[in-house]
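Trainee: Please take these sequences and the hints and turn them into a complete structure.
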Amino acid sequence: MLTFAIRRLLISIPTLLFISLVIFLLLELAPGDPMAQVPLTVPDEVKQKMRLALGLGEPVPVRFVKWMYQFFVVEPSVFIDWLFGTSLSEGQQRVISWQTRSPVMDIVVQRMPQTLWVVGLAYVVGVLIALPIGIISAYKQYSIFDQAGTFVSMIGFSVPPFFTGVLVIVIFSIQLGWLPSIYDTTHVVNDWDSFVVQFKQMIMPVMVLALQTTAQISRFMRASMLDNLNQDYVRTARAKGLSESVVVMVHVVRNSMIPVVTVIALGVPAIFGGAIITEQIFKVNGIGQLLITAIQANDLPMVQTITFIFAVLIVVFNLIADVLYGILDPRIRYD
Amino acid sequence: MTDPAANAPAEALVTARPPRNQWLDVWDQFKTHRGALFGLAFFVFIILMVTVGPLLWTYDATFIDIRARNQGPSLAHPMGTDQLGRDMFARMMAGGRVSVAVGLTAMALALMLGTFVGVVAGFFRKFDGPLMRLTDLFLALPLLPLLLVGVLLFRERLNGLFGPELGIFILIVTGIGITSWMPTARIVRGDVLALKEREFVLAARSIGTPPRRLISRHILPNILSPIMVSATLGIATAIITESALSFLGLGFPPDFPTWGRLLFDATDYLQQYPGRVIWPGLAISFTVLSVNFIGDGLRDALDPRIRGR
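Taken in order, these protein sequences are the chains called A and B.
Each position in the first sequence, counted from 1, maps to that position plus 1191 in the working numbering.
Each position in the second sequence, counted from 1, maps to that position plus 95 in the working numbering.
Calculated directly from the structure, the hints in this document are not laboratory data.
Errors might be hidden in some of the hints.
[To be verified] Stretch-level coverage of chain A by chain B, calculated; a stretch enters the list once three of its residues show a Cβ under 8 Å from a Cβ in chain B:
1. 1205–1217
2. 1352–1365
3. 1490–1501
Owing to the predicted nature of the structure, the values given are computational and were not obtained by experimental measurement.
The beta carbon of each residue, even a glycine, is placed where N, CA and C say it ideally should be.
Mentor: As structure tokens, this is what we get:
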């Protein structure tokens, strides 16, 4: 198992290198020029120097290697400095945003909590709703509950988040006026009233994201439960005289959870991608909104870094899913 | 010893049932799935609306009548008018035409790519490893951010080459096609690997059929059903992706509406005219829902183990 995990980890390194190369080369073709806003009175040689100061003007392979060095050596050492108060990164050039002229990672770290709060909570809520739905749908297959569950998950698959988001805003903010349509990230929770405000503004984004998650995971849970309910060990457990709740909740659910856990792990990066849209609807200033504004402002280092963070998330969670599957299911042997 | 007289009724019985074609069987099974039938009816309705509808409806989607702006639903404008007095019903039909066209073409492109990669990987052993690694790499790419970046980078250039409308259409269709072929490739490869070992393929190979014809005559017809199912799912994801891009403001320009763009434009007037977001949203949702139901029904209908039960 350990060798498998290590081998899997080693395979993900070339994957990440390839992805970073793709992102880098794609952005290399960008038509925008960061010097376009500089006044015409600035002489040409000064412009060239400014270009060099921004890290442009060198051949592509050199810049790729330098970017990799910045991303994989300088930024982590800044993080270590921040953790332990060391000075590893002193005098090192960090990845600088063209918009704000400040390090990209600092801005990403500022934006991360909002995204994690909304997206992470939505995922947890979605999974918590999905699991019971899946279990009951499978246990009472073809019942009214099952039919309704199938229909609701079909809606979750079909109705895109940019419509559900706008729809709940129309209903709950405009028609009924119960909930705020804009997520206020500067809001500080310090007493009960402010907690209620925070709770109210989180309901809609979390529910919109959770609907997608619920639709997917409840289907997987149902299918996996159905596979297990007809197994011999279930009959044996019943024959032993175990109560029905023990049979279903302990024996069947635990075995059905094996594939579902990996699906849950695999879904985490996708939900970050979906958050790009949800953040745009509810005006959450998270990482997805940062990406959109960076794209609109032609801020290439920012776009590069955020896209690469998304790629790292996908690769890491694929790795987690693979390893988890091996740990949870002793029948799986990777050698 | 055979008795012709005894055999006659049996033969009559056999021939009394008219010869069945495979697609008739599929259709019979498909008909039993009520959701799929509704889905098909709705999808045909949408296709008719967006192809024939604009020819019959008097208003043009880009005709600006500034005096009639922001009107509610009326007999002249069943879905009202927008902030420039353009008829929403005409815009919905024009937008649907683009959305459905993007969905169909992007699906076709993704399907061709996916089938090609899947067949080559499954059929030729030496391409299997590299092509599947490539598929894994593509699956690890963050697709929505990359699509956004791609639209940003190539929009100007393609607009210059093909004009603003065709340029963005080509860009979005290729973007979606290139980023969504991977599931099809995996499914097709799996099926080809299983089919390759079957006796009829061996028989065809032993009489000297070249690989090209082996693929086109024996392999492709037998993997048609998973391809058709992933085609329906492909339409659904392509429509949603295109709408998402347009919704983020990085899709089609406003004078060339799609359903996603209409939704995006309507969100600016959400406070005053909340009704305007409902129509494009409903159109996207119902189209995708109907396509998903068709896929569900097709999956059952094309599976010979389920068919006839």
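Trainee: Does each hint fit the structure? Answer for all of them.
Mentor: Evaluated hints:
| no. | hint | in the structure |
| --- | --- | --- |
| 1 | 1205–1217 | holds (count 6) |
| 2 | 1352–1365 | holds (count 7) |
| 3 | 1490–1501 | holds (count 4) |
Checked against the numbered hints given earlier, this structure breaks none of them.
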